[in-house]
Amino acid sequence: MATNDKNYFDPKVLAGIANLGLRARWVVEGLMSGVHKSRAKGFSVEFEEHREYSPGDEIRRIDWKALGKFDRYFIKEYEDETNLRAYLLLDASASMNYASDGISKFDYGCTLTASLAYLILKQQDAAGVVTFSNRIESFVPPRAKRDYLLQILHALENRGPAGETNVGKILEDIAGQLRRRGLVILVSDLLDEPEPILKGLRQFRFKGNDVIVFHLLDQAELDLPFDGNILFEDLEAANLQIIADPRAIRATYQTVVQEFIADMRKQCHADSIDYQLISTSTPLDQALASYLSWRG
Amino acid sequence: MSVFFLYPAFLFGLAAASLPIVIHLLNRRRLKRIRFPAVRFILLSQKRISRSYRLRHWLLLALRTLAVICLALLLANPIFQTGAGLFAGGGPVALVVVLDNSLSMKWAGDGNGFKQAKEAARLLISGLNDGDRAALIPTNIDGKEAFRLKGQKEILLKELEAIEIADGTANLSAALSKAYELLQEPAGEKEIRFITDMGLTGWDQFSLASMKRVDPSIALKLIHIGRKQQPLNGSIKEIRLASQGIGVNLPVQIEAAVANFSDSEIKDLLVQLSIDGQNKEQKLVTVPPKGETSVSFQTRIGQPGAHTGQVTLKKENFTGNAVANFTLEAQDKLRVLVVDGDPQTALVQSESFFLIRALNPAGERDTSLFLPTVIVTDGLNAANLDSYQVVALCNVAALPDGFVSKLQNYLRQGGGLLIFLGDKIQPENYNQKLAQVLPASLRDKKTGAEATGEKIDKIDFTHPALQIFADAILQESVKSARVWSYARGAGKALISLANGDPLLLEQKVGAGKVMLITTSADRDWNDLPVKTVYLPLIQALTQYLAGGKRGSLDGGIAVGAAKELSLPPSLVGKNLRVTKPDKRNLDVAIAAEKDRSRATAIATIDENDRAGIYRLALPAGADKDGDVPPFYAVNAPFLESRLDEISPRELQAKLTPIRAQVIPVETLKEGGKRVDLALPLLALLIVTLLVEGWLGQRF
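Chains E and W, in that order, are what the protein sequence lines are.
Counting in the working numbering, the first sequence runs from 64 upward without gaps.
Counting in the working numbering, the second sequence runs from 845 upward without gaps.
One or more hints might be untrue.
Said to hold, decoys possible - Among chain E residues calculated to face chain W with C-beta under 10 Å, some are:
(1) Lys128
(2) Gly131
(3) Lys132
(4) Tyr161
(5) Asn197
(6) Ser201
(7) Phe202
(8) Leu254
(9) Gln266
(10) Asp281
(11) Ala283
(12) Glu284
(13) Leu287
(14) Asp308
(15) Pro309
(16) Val320
Said to hold, decoys possible - The list that follows gives simulated cross-link-like pairs (lysine-lysine, BS3-like), each with its CA atoms no further than 30 Å apart:
(17) Lys1277(W) with Lys1352(W)
(18) Lys891(W) with Lys232(E)
(19) Lys1498(W) with Lys262(E)
(20) Lys329(E) with Lys891(W)
(21) Lys1352(W) with Lys1158(W)
(22) Lys1124(W) with Lys1065(W)
(23) Lys1352(W) with Lys1289(W)
(24) Lys1177(W) with Lys1134(W)
Because the hints were derived from the structure by calculation, they are not lab data.
None of these values were measured; they are calculated from a predicted model.
The beta carbon of each residue, even a glycine, is placed where N, CA and C say it ideally should be.
So here's chain E without its partners, still in its complex pose (with noise of 0.2 Å):
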């Protein structure tokens, strides 16, 4: 069991899995079975429909009266007035297609995004899906119908990851569309300025948004592991082009990129929103745990 645990969150495991909503399912699955029900609990408002009780469903939603009329047993549906609703933003820029070791961080990042819309609609809260570049690729509002999940698996399905970053800016676009506080969730490299971004990030926090962050990064963009003089071009700017020994500048290299992470998180603190730096070699239960840990 232990072993089949594990292979619930190894990313070069979940790569091999084509399915976006077997995957998520996987995860998630794999991650409750070893961690106690939410306290969080919506509470039904309106009644919704009726469906035959299968076993599993609690005994006390069974509606008795439609027992006694039909002499089956049904279930009674109600749409969930949910105190959550979860904005997940995903990047699909070009800059995100990039996969040193088997996963792409494009992947990685919409296996995370569904696993997390599967958790927030399995907890009834309700989650919507914004995919971007330098504009918005496709829109899925937030819902807390349990079959939403389809949508948001086809929203990120839809369209592979191209064009320029723009994140700041659509952070903005779409903090001025938000109508309803909630949870913003932003899955990005964040390869921008940072500036923009943590502007974006703040009108989020500004409309009484909470907002945790998933930098997600490529290990070799952490480590920079080439060897010999290479040619790197740009994913984004195909002018941009620079010809450097990786072993020369390793060290500085990372450094730059630790002070990226450190300055980027600091600033996220400051603003009360979670940071949670991810490479794709990590196991997808230690971006979730973030998430839990933050739902409490």
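Guided by the hints, dock chain W onto chain E, whose structure is given.
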């Protein structure tokens, strides 16, 4: 101070030093392309480390190149020589020390150049190790000497002590050729050290083509004896006789040409003339820079015969040969018996008037080389002809019988007879009595008026007595003369008239000579006596008839040159004893000289290696009064006093393909330590590789 390699072939490995650079360039060309999202971080990193990165990069490249160089040098095993000392290891050494002992070394090194050179040679010899061999070759050799490499330092040091400074120029071709010849023998290391002042004169005479043996693989190191200051440098270029002949008690003018080789003027240079060791005259002169001055001395020689002389230069701080030797032959007065066949009360009308004036223009005893005595025809029988070198018959009508035989005897013993004709002459008498001695039998007289005189036309300029006509003025003067009366005679003429009749004829009789002038000695038959040419012509003919002696000055030969002496054939097979200036005697064999028309003997003296007077002693039985001088002068070569040095560029041009290295003598004195650089190079190589490894890791 120098570096040499024990295994120089490994130096080709230095070419591998370019490998790191080539690899670096190839790597630059072979780029890997990677599409990467965080290029901005790479840019930022490069900006940050740009300076230190590049520095480390080039440092790494330099270290790698240095490592290859170190390895190649290590394999070649370099040896560092401090000073210019001798070898300290690396197998047995064969060394030839060539010691410049030319005269210029006397003035090199600010006055003690030769001493310095010997000291340097002593250092080199003392530095020999067991098993090493060396030879010492001075530069004043002619190439015939035998040398060999020796291992005994004591013998070499004794040889060194025996080498003295020579008075001549260095024979560099012979000395270096001999050095290469000696180094043909197998040896671990071979080297030639040439201790020299690099005097230009020696190198001017050097030619690589004249060297019998050259081996460019053997290094030639020149140990240079330089000088710190530029001295006043000059010498005596030439000593010459400025007057006509040297007669006893007659004024003699001797000129000395003094040259200045230095760039500054030589002021108040004392030039001294001495004859037979006695100071005759001295003068102070100024010699312009790089120029020359002629100094003229006037003196008189009291005694006939050979004399030695010397011109000496004296000045403080003067460098260069200051002494020039010469020899001179002073001629005693030439006694001439003038027989006047037509004496007159008024001297001017006498037949001999013009002739006597031509021989002794001033009429005083000590003013002319010629001492004429006039007698009349009656005194002929009583005259002692042996007291005279020349007898001149002037219009003597007929010759007494007793005189004729005396005259013939006189002529056979080498006397001279000059015959002038005139109106008193009886041609038949002359033809009959002097048939054996007359250059031509006299025929009829041709007489005419002055206005119808014949001009002189042809002159045999090659005749020794007529070489005065090389002077254009005299030639013009003789051609302006008119001869209107003369006696016709047949024979080969030395001077002819325009109509072809001879004016001057010659006949040799035994050792004597007879000259016949077909016209008168006075103005009765011609106007020659009033022409410019008359005096030199009469003196030249008289001197010729007296044996050609007039006194002369011989400036001598240069050191190293051969002196050739013509001797009487009776001396063939005997030895001529030569006493050199250092009092050493030398016997020179007298050999027959067959190439010449007249059989003579010849002695060639080659060993003129010292400047000074060489005295000659003829073998017993030789005629002491013959033509052989009792001594001759030998002088240091003039240009040997020039202290200019050959430039390194010219030197290399002259020596190519020999590799020549010039080392100041001071560095030799500083010591001759030799350090094997293999160990320091190995240490450097290890350190280089360690640093390279460490630095490489950091990249």
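Structure-based check of all given hints:
1. Nearest Cβ of chain W to the Cβ of Lys128(E): about 59 Å, over the 10 Å cut. The hint is violated.
2. Against a cut-off of 10 Å between C-beta atoms, the interface hint on Gly131(E) is violated, since the closest Cβ of chain W lies about 63 Å away.
3. About 61 Å separates the beta-carbon of Lys132(E) from the nearest beta-carbon of chain W, more than 10 Å, and the hint is not met.
4. A least Cβ separation of about 5 Å between Tyr161(E) and chain W falls short of the 10 Å threshold, and the interface hint therefore holds.
5. Hint status for Asn197(E): violated, given a least beta-carbon distance of 15 Å to chain W, over 10 Å.
6. Because the beta carbon of Ser201(E) sits about 22 Å from the nearest beta carbon in chain W, more than 10 Å, this interface hint is broken.
7. Below 10 Å, beta-carbon pairs count as interface contacts, and Phe202(E) has none with chain W, the closest being about 25 Å; its hint is therefore violated.
8. The beta carbon of Leu254(E) is positioned within 10 Å of a beta carbon in chain W (closest approach about 6 Å), and the interface hint is therefore held.
9. For Gln266(E), the interface hint is violated, the least distance from its beta-carbon to any beta-carbon of chain W being 24 Å, above 10 Å.
10. Proximity of Asp281(E) to chain W holds as hinted, the smallest CB-CB distance being about 8 Å (cut-off 10 Å).
11. A hinted interface residue such as Ala283(E) counts as satisfied when its beta carbon comes closer than 10 Å to some beta carbon of chain W; here the least separation is about 8 Å, so the hint holds.
12. For Glu284(E), the shortest C-beta to C-beta distance to chain W is roughly 5 Å, which falls under 10 Å, so the interface hint holds.
13. For Leu287(E), the interface hint holds, the least distance from its beta-carbon to any beta-carbon of chain W being 8 Å, beneath 10 Å.
14. Checking Asp308(E) against chain W: minimum C-beta separation of about 7 Å stays under 10 Å; hint holds.
15. Because the beta carbon of Pro309(E) sits about 8 Å from the nearest beta carbon in chain W, less than 10 Å, this interface hint is met.
16. Taking 10 Å as the C-beta cut-off, the interface hint given for Val320(E) holds, the closest approach to chain W being about 5 Å.
17. Taking the CA atoms of Lys1277(W) and Lys1352(W), the gap is near 16 Å; set against the 30 Å cutoff, the hint holds.
18. The hinted pair formed by Lys891(W) and Lys232(E) meets the criterion: a straight-line CA distance of about 28 Å does not exceed 30 Å.
19. The hinted pair formed by Lys1498(W) and Lys262(E) fails the criterion: a straight-line CA distance of about 86 Å is larger than 30 Å.
20. Taking the CA atoms of Lys329(E) and Lys891(W), the gap is near 25 Å; set against the 30 Å cutoff, the hint holds.
21. For the hint linking Lys1352(W) to Lys1158(W), the alpha-carbon distance of about 51 Å lies beyond 30 Å, and the restraint is violated.
22. Using a Cα cut-off of 30 Å, the hinted pair Lys1124(W) and Lys1065(W) is violated, with the two alpha carbons roughly 49 Å apart.
23. Distance hint between Lys1352(W) and Lys1289(W) is fulfilled; the C-alpha atoms sit about 24 Å from each other, no more than 30 Å.
24. Restraint check: the Cα-Cα separation between Lys1177(W) and Lys1134(W) comes to about 42 Å, which exceeds 30 Å; the hinted pair is violated.
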